[in-house]
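Undergrad: Now for the letters of each chain:
Protein chains: 2
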Amino acid sequence: MDFKQAAKDTAQVITSYLTFQAVKTVLGQLKETNPAAAYWLNTFSSQTALQDGEAYLQALLQEQPDLAMRIMTVRQHIAEAICEFLPEMVVTRIQQSNTEHRRQHLERVTQWAEVESENINPEGDPEASSDSPVNPTAD
Amino acid sequence: MDFKQAAKDTAQVITSYLTFQAVKTVLGQLKETNPAAAYWLNTFSSQTALQDGEAYLQALLQEQPDLAMRIMTVRQHIAEAICEFLPEMVVTRIQQSNTEHRRQHLERVTQWAEVESENINPEGDPEASSDSPVNPTAD
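The listed protein sequences correspond, in order, to chains A and B.
For the first sequence, the numbering used here gives the first residue as 1, with consecutive numbering after it.
For the second sequence, the numbering used here gives the first residue as 1, with consecutive numbering after it.
It cannot be assumed that every hint is accurate.
The list cannot tell twin chains apart, which means a pair is met if one copy fits it or any two copies do.
[Claimed, not checked] Pairs of lysine-lysine, DSSO-like flavour, derived with a Cα cap of 27 Å:
1) 24 to 4
2) 31 to 4
3) 8 to 31
4) 24 to 8
If you're looking for bench data, these hints aren't it; they were derived computationally from the structure.
These numbers come from a predicted model, not from an experiment.
Using the sequences and the hints, build the whole thing.
TA: Following this line, the structure appears as structure tokens:
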């Protein structure tokens, strides 16, 4: 496992996601103050993929440099405000989510085992469940 | 700007991305040790969207619980190994990338201004560009 590459790739994904968050924020502000500009930015953003934040900004800089500068400022602001909290949030989230998946799985397996055991041996006859996992004579 | 919500949403995006990284890692391991399982997981992963890591794991737990458990363990391992480095990587990346976008933009604007000034005033006649913001006496 190449952790260095994984960290780099993850940082790139976060950067693009924060660019998207910044676009959403600026769009929200423009809707209040300059609906025409909001409409323009919305159209531009639906035509230009936001998957790659840098390519998006490069394209926007050619069309509306002021908006691109504003989005860059906002994404830096968001990054500085939230990044320090992310490691603990992510690790905790994954731990809790893993625990929950395991719990649900165990619950399902236990229920199946109970149902199966009832099907195999509906009247408590120990000989009814010799080879087959499901008793062919049940019901 | 709702930073708390932005942090939550970003943590969710990272969690799903690390799930994807874990699937990639397990796929790489299986290709070496169990090509049939690798083929199965690859097919499953191309049919089940990995955009939502939790939904993906839930679906996989129904089909192949062992593989799902392994992916969960790997994603937690990756998260614990790389998350602490992400805040500095992301903030630095955004700062550097913003600086680079601004530099490139400034360079383009300067080049345009030079070209414009040459076009407006090709022979250095100061009266040729009275209204232009570009310095008429340049060159």
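Undergrad: None of the hints should be skipped; say for each whether it holds.
TA: Hint by hint, here is what the structure shows:
{"no.": "1", "hint": "24 to 4", "result": "between (30 Å within a copy, 15 Å between copies)"}
{"no.": "2", "hint": "31 to 4", "result": "between (41 Å within a copy, 22 Å between copies)"}
{"no.": "3", "hint": "8 to 31", "result": "between (35 Å within a copy, 24 Å between copies)"}
{"no.": "4", "hint": "24 to 8", "result": "both (24 Å within a copy, 15 Å between copies)"}
Every hint from the earlier list agrees with this structure, and none is contradicted.
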